[in-house]
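Trainee: Going down the list, the protein sequences come from chains A and B.
All residue numbers for the first sequence refer to this note's numbering, where the first residue is 51 and numbers rise by one.
All residue numbers for the second sequence refer to this note's numbering, where the first residue is 4 and numbers rise by one.
Calculated directly from the structure, the hints in this document are not laboratory data.
Check the hints yourself; a few may be wrong.
Said to hold, decoys possible - Covered stretches of chain B, as calculated for chain A (at least 3 residues, CB under 8 Å):
hint: 1; segment: 73-80
hint: 2; segment: 167-180
hint: 3; segment: 209-215
hint: 4; segment: 250-256
Quick caveat, the model's predicted, so the values are computed rather than measured.
Each residue gets a CB set at the ideal place from its N, CA and C atoms; glycine is no exception.
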Amino acid sequence: MRFDGEVALITGAGSGVGLAAARRFAAEGCRVVATVLNGAQLPVLAGAPFAERLILDVRREEDWTRVVAAVEAKFGAVDILFNNAGVTIRGDVAATDRATWDEALLANLTSVYLGCRAVLPGMRRRRRGTVVNNASINGIRGNTGLVAYSAAKGGVVAMTRSLALDHAAEGIRVNCLCPAAIDTTMTRDYLDTVSDRGAVEAAIVAKHPLGRIATADEVAAVAVFLASADAGFITGAAIPVDGGRSAR
Amino acid sequence: MDSYGPTPFLKDKVAIVTGAAQGNGFAIAERLASHGCRIAAIDINADGIRAAAARLGEGSRAFVADCSSVPAIRDVVQEVRKAFDRIDILVNNAGLLRIASFPDIGEADFDLTVNLNLKGAFFFAQEVQAALPRDGRIINIASVAGVDGRTLSAPYAATKAGLITITKTLARALAPRGITVNAVAPGLIDTPFNQILDQKIGVEKQGLKPGEMLARRAAEIPLGRIGRPEEVGGVVAFLASPDAAYITGETIILAGGWVID
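All chains, please: the whole structure from these sequences, using the hints.
Mentor: Right, here's the structure in full:
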């Protein structure tokens, strides 16, 4: 096990990569604080070996303040923050009205800023801590029909580097991962909306040299590695988890 | 013993590690061995590699070879295939840096650097690939010098940049077989290699005290320290693990934040 009681706060832990990461962090010795957007997702977390299950709307500063205060009061620290929650919002620029743009940036970029702002004071005091942000391949490579989402994820990658430099001397590491297509409910829900599902699926798979999309466990495993001591000399990195798609 | 969990995830597998007598190569071999892997430890330094293999324990073996020579590479891979029943992982770690400023680099030094760092790694991959299983791994030890040219040796930087490009090409070539190919780009690591640089450049050329050049460079690193060989081993172990099965063609930089500004 790579951890020994570290407190790991994970957002969007109700499904997909977040849930997989929460389970893996817990299996490797972390005290996991699993957070979900709303109460309807709490039953998913029941029975899993998590230290705490909380509701956290990552778009709301007051939620972050409440959750981080509660975790620090109960466990003494947030050692690891996995900013995982996000939502794919599709559309080219014409299809992205102002409200859609604002929501995409709020849910995918401002949320990460708010999370870092909430946990960093404690990490700086203790001179210890690490943040892993779940960005996206769309933050480092172009894709069609994802204008606002790509802008937000590109922002997460750039902010990760900036945060890494600001807090390296304090012993705090900040990294992000850049997954491509992942087999999650988010992906399956999207595939349910397209008319020629088989062709769309084949086109997605064809973009990835390994010939398949990722599992949620594989993406979660990279987040766990980045948070571990094995990545102790890695900071400011954006690690693609994309089956070779961005290798150029 | 296995830091990931109760089951050693490389149990019974075999890894070739080149340049394994000391420094990063030995740390990589030691870490892979801790996950249950048997090591084919290769180096040109015969005494060094025998001592290293002995420390790696039962199941690991030393092979003496000049990793800059294609015939020697072919021979040693054959020896490894005879000695072990399988090859699962290749770690191309052997490398050299000839200390000379740009106007003084001779053709022989240029060729030697290319032959070991680039040509040797390529032909090791070519020799080994047919033997690799579906979850096989090739891991190339590049350098931040190959990412941003930050080094005293232009040929060294060029070979490491070439290794990063070869990584991408081989990743695509081997992806249909499920084999991943990745690179690791260490920054300043506390290895005998860097201790020699400290002596030859810091002490002999710049008149600094021993360790002072490394300390000055450490101060430029955002994390405020140089890295440990064990940390290179940790990244290689991750890339060799099932956890990294969906990562291919990538270069993982471990440099304490050195090349992100």
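Trainee: May I ask which of the numbered hints given earlier this structure violates, with the numbers listed in increasing order?
Mentor: The structure conflicts with hints 1, 3, although it agrees with all the remaining ones.
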